[in-house]
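K.L.:
Read top to bottom, the protein sequences are chains A and B. Residue 146 in the UniProt record's numbering sits at position 146 of the first sequence; the count goes up by one each step and never skips. Residue 243 in the UniProt record's numbering sits at position 243 of the second sequence; the count goes up by one each step and never skips.
Take the hints with a grain of salt, since some may be wrong.
Since the list gives no way to pick out one identical chain from another, each pair is judged satisfied if it fits inside one copy or across any two copies.
What the hints assert, rightly or not - Each computed DSS-like pair below joins lysine-lysine, with the alpha-carbon atoms no more than 27 Å apart:
| hint | residue 1 | residue 2 |
| --- | --- | --- |
| 1 | K216 | K203 |
| 2 | K167 | K312 |
| 3 | K328 | K492 |
| 4 | K494 | K328 |
The set of hints was computed from the structure by calculation and includes no laboratory data.
Protein chains: 2
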Amino acid sequence: MSDISANAPSDLDTLTTTPERRRRSGGRMGERSRPNGGSRYRNLVNRLAKTELVDEDALDAIHDASLTILEEIGMDIMLPEARALMKAAGADVREGSERVRFGRELIMDLLQSVPRGFTLHARNPERNVQIGGNNLVFAQIASAPFVADREGGRRAGNQEDFRRLVKLAQCYDVIHTTGGYPVEPIDIHASVRHLDCLSDMVKLTDKAFHCYSLGKQRNIDALEIARIGRGISIEQMEAEPSLFTIINSSSPLRLDGPMLQGIIEMSSRGQVVVMTPFTLAGAMAPVTIAGAVVQQNAEALCGIAFTQMVKKGAPVIYGGFTSNVDMKSGAPAFGTPEYMKAVIVGGQLARRYGIPYRTSNTNAANTLDAQAAYESAFSLWALIQGGGNFIMHSAGWTEGGLTASFEKFILDVDMLQMVAEFLTPLDVSPDALALDAVREVGPGGHFFGTAHTLARYESAFYSPILSDWRNFETWTEAGRPTTYDHANRVFKEKLASYERPALDPAIEEELDAFVAKRKAEGGVATDF
Amino acid sequence: MSDISANAPSDLDTLTTTPERRRRSGGRMGERSRPNGGSRYRNLVNRLAKTELVDEDALDAIHDASLTILEEIGMDIMLPEARALMKAAGADVREGSERVRFGRELIMDLLQSVPRGFTLHARNPERNVQIGGNNLVFAQIASAPFVADREGGRRAGNQEDFRRLVKLAQCYDVIHTTGGYPVEPIDIHASVRHLDCLSDMVKLTDKAFHCYSLGKQRNIDALEIARIGRGISIEQMEAEPSLFTIINSSSPLRLDGPMLQGIIEMSSRGQVVVMTPFTLAGAMAPVTIAGAVVQQNAEALCGIAFTQMVKKGAPVIYGGFTSNVDMKSGAPAFGTPEYMKAVIVGGQLARRYGIPYRTSNTNAANTLDAQAAYESAFSLWALIQGGGNFIMHSAGWTEGGLTASFEKFILDVDMLQMVAEFLTPLDVSPDALALDAVREVGPGGHFFGTAHTLARYESAFYSPILSDWRNFETWTEAGRPTTYDHANRVFKEKLASYERPALDPAIEEELDAFVAKRKAEGGVATDF
Chain A
1 MSDISANAPS DLDTLTTTPE RRRRSGGRMG ERSRPNGGSR YRNLVNRLAK TELVDEDALD
61 AIHDASLTIL EEIGMDIMLP EARALMKAAG ADVREGSERV RFGRELIMDL LQSVPRGFTL
121 HARNPERNVQ IGGNNLVFAQ IASAPFVADR EGGRRAGNQE DFRRLVKLAQ CYDVIHTTGG
181 YPVEPIDIHA SVRHLDCLSD MVKLTDKAFH CYSLGKQRNI DALEIARIGR GISIEQMEAE
241 PSLFTIINSS SPLRLDGPML QGIIEMSSRG QVVVMTPFTL AGAMAPVTIA GAVVQQNAEA
301 LCGIAFTQMV KKGAPVIYGG FTSNVDMKSG APAFGTPEYM KAVIVGGQLA RRYGIPYRTS
361 NTNAANTLDA QAAYESAFSL WALIQGGGNF IMHSAGWTEG GLTASFEKFI LDVDMLQMVA
421 EFLTPLDVSP DALALDAVRE VGPGGHFFGT AHTLARYESA FYSPILSDWR NFETWTEAGR
481 PTTYDHANRV FKEKLASYER PALDPAIEEE LDAFVAKRKA EGGVATDF
Chain B
1 MSDISANAPS DLDTLTTTPE RRRRSGGRMG ERSRPNGGSR YRNLVNRLAK TELVDEDALD
61 AIHDASLTIL EEIGMDIMLP EARALMKAAG ADVREGSERV RFGRELIMDL LQSVPRGFTL
121 HARNPERNVQ IGGNNLVFAQ IASAPFVADR EGGRRAGNQE DFRRLVKLAQ CYDVIHTTGG
181 YPVEPIDIHA SVRHLDCLSD MVKLTDKAFH CYSLGKQRNI DALEIARIGR GISIEQMEAE
241 PSLFTIINSS SPLRLDGPML QGIIEMSSRG QVVVMTPFTL AGAMAPVTIA GAVVQQNAEA
301 LCGIAFTQMV KKGAPVIYGG FTSNVDMKSG APAFGTPEYM KAVIVGGQLA RRYGIPYRTS
361 NTNAANTLDA QAAYESAFSL WALIQGGGNF IMHSAGWTEG GLTASFEKFI LDVDMLQMVA
421 EFLTPLDVSP DALALDAVRE VGPGGHFFGT AHTLARYESA FYSPILSDWR NFETWTEAGR
481 PTTYDHANRV FKEKLASYER PALDPAIEEE LDAFVAKRKA EGGVATDF
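So here's chain A without its partners, still in its complex pose (with noise of 0.2 Å):
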């Protein structure tokens, strides 16, 4: 792309590495720009003035409504040591009761010490991301039971599809982190399947990985694992977010043992919580969006300042996971105009409390037709104009994520590619402005053999993965080959290419012995 240049370099680096505490007053946050060549798709940042869907008065009513929740109302907090936490706070905990209220005044001053943002850490630096301002990450898809490829059908996750996802994910530079197993593989045992899956993503890939709050041991598991990847001490790894949980409330207004205690675990050691409650406006939410907005953010508001609780400045993202439900079925739906407004509005609320952004890349089908992709589409142009930082689900999510697709994979990478060349800043140079070539053709002449075309024409313009341009006879003559066959053609391809990541022998050494140790312990207790 001729316009890679006009990203300043005076945008780099002015994030530090690690968590920045809020300044109140100047201080721009920092931003990662297009990096020089090879990885043209790491570090994207969003420049666009983000939409504002409701004025200030409305973002006010949702945010008041939203504290009167946790005022009067309350949450449920299913672990006594995270109630004990919030009464020294200074919560109203009553004895014999989970139910937990929090005074606006006090959310609000635990809201004061979130970093507006800092840097994800992997272990290959090149890899790092910077979570906040206006910087873009996107994760795979994660959490799916079930895997689908054209040939294999829908099918169990196993170990087996897990890999080759996670190797997708390693192949794409648009893909900046994992998120969690990108398919569950259930032909491993719950009680060593931690050990297993996340010893691959530091081996298959080198970026930031995600572990999941399912219990204290998990917790620390993964702690380890991920420092042993990174090859740093504790100190090291407790100033540096190497690691991230996404924490999912109990909608409506509960959050349980294992959530509050992943809380605990991965704040005390200054890693990374993603605070996400997943509130279905008419299920687990009011049927109205702006209820369900009110909901998420009650939620999101007490996991956040609980955060703070367990440390001071330990780094959370604000997630926003509200959609309707087919009133029909009661199934879930994604990708609606419904969900758009309530990523829109839940971005206005993130920038409000000043806190990174997390939504998700979602849709409802059950194959790669049209529907997989206007409702990704629409999604993402949800986020984007929302200004969504971390972007679960980013790459192979469908049937509500129900399903890890390998072709909507790819095809989800091709759109994240179109997103970041649509992001990247328009090159309005006076050679772009190209007045001389206008010259050189005048009326009634054509540009294709121009100095002006010939030095830009081979990368001039984004090269789609999947969009066939054949005209009708040539792409008749090839068989009519929709996106879903390029798709599928292209994830075999793409995998076959797979190169593994360099990796120190020492270090791998090293998680090989923890992972073996810890099997050889039982890996942890299943009966949870």
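Given the coordinates of chain A, assemble chain B onto it according to the supplied hints.
P.N.:
Showing chain B alone in chain A's frame:
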């Protein structure tokens, strides 16, 4: 939708029904808001802040470069009558040359009389559309040589398919006007094709329509058919724009005879000119998007200025149609990141000049696959964020405009309706914030049975035409239909339900008599 009422009636009716002259100071552009029951998708308004892709300096540079083109290089004006008008207006016209140059002051002076907005009148006043400001009008596909549906395959255009596509346009409120001929019916002789087609437009729809500028007589016949359809006098017709024509420059930098004649015939009678250069970067325009937009702007301003030479205050729309080509094959590409940028910068230019903005819903797919959806969705994203007012090819366009697809028409209607829902203001009334419902349900409950949900669930969310949200098992039992399958079913069902809109028998009689008379006269010569 519960939030219809959020559109204050005070937004209504602030547009005059005749072209409103530019007001340099004050006077917010009138908007029509969501209507009363039964026509939810008429009179759409896009209140979102528009995206500024380039800053003011860059916009100035584009503007200046385009005026330099008109001043130094000029355009080939391939009609003596037009050159004479231009000479009289002060352009640099030289004997024996088609080349005409335009001083920048001349162009800017002429833009002063362009209306910021106007009403395009239909024969049914309820179908009148507001052009300009924040108003958003969707016109059907136009001008495809081929037509396709799944059963019939891809075939040359014909009258039956023409009529079926026009009927579909009538069936959906979100299609506000027809465009040109949705498909070219080549089984009607070219000498009388416009008579049959425009007569059908009047009879089969009650919406405003388009006439091709392919020689003076066709314009005159179209004007008469539109006048008869509305049942009004010539004087009223000239005061009320009731017909539009697309004027394409022959890029680079030429306006041919029929197009110039079309401007003369239409503008002199107060009808709508949509001045649209088709500037493919790397082919008929510079390979850089900024350069292609510079050339687009030069050609558009030239044609727009000419409308004002013909008649000050004539309604005109700034058309942008810049995209890139596939540099491997030279084939046009659409819905690309480059297309998005061009659409948005085009909108910035049109707003700078205070002229309504036309753009298009494009894609280059050969079938109704994911590509068709994502390229169109990316186009829609750009044209909404870019502030498009008048959207050509809104529904049915495939293959870069070569084919009108029945199934794609339905897919597009669904996406347009989603856009319309997205643009509907979010209800943030106290009732929508739903504090009472949250109080009622409390932590750990669900909202399915609450009074708040029951009162709203039937109309709370957009009900899509095509999205298949059934679970995988139910969807599998149903034969795993794709979006293509659903669209194929829906267009046939919709056609079966088509009802011809009421038409005064006296008008129909006058129309038939006019067409018969003109046919008896031989229509128009076809040796142009």
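K.L.:
Now, for every hint given, state plainly whether the structure supports it.
P.N.:
Against the structure, the hints:
For the identical chains of this complex, K216 and K203 are intra-copy neighbours only, at 24 Å inside a copy versus 72 Å across copies, given an alpha-carbon limit of 27 Å. Neither within a single protomer nor between protomers do K167 and K312 lie at most 27 Å apart by alpha-carbon distance, with minima of 36 Å and 64 Å respectively. Proximity of K328 to K492 under the C-alpha cut-off of 27 Å is restricted to the inter-copy arrangement: shortest distance 24 Å between copies versus 38 Å within a copy. In this assembly of identical chains, K494 and K328 lie within 27 Å of each other by CA distance solely across copies; the values are 21 Å between and 40 Å within a copy.
Hint violations for this structure: number 2 only, all remaining hints satisfied.
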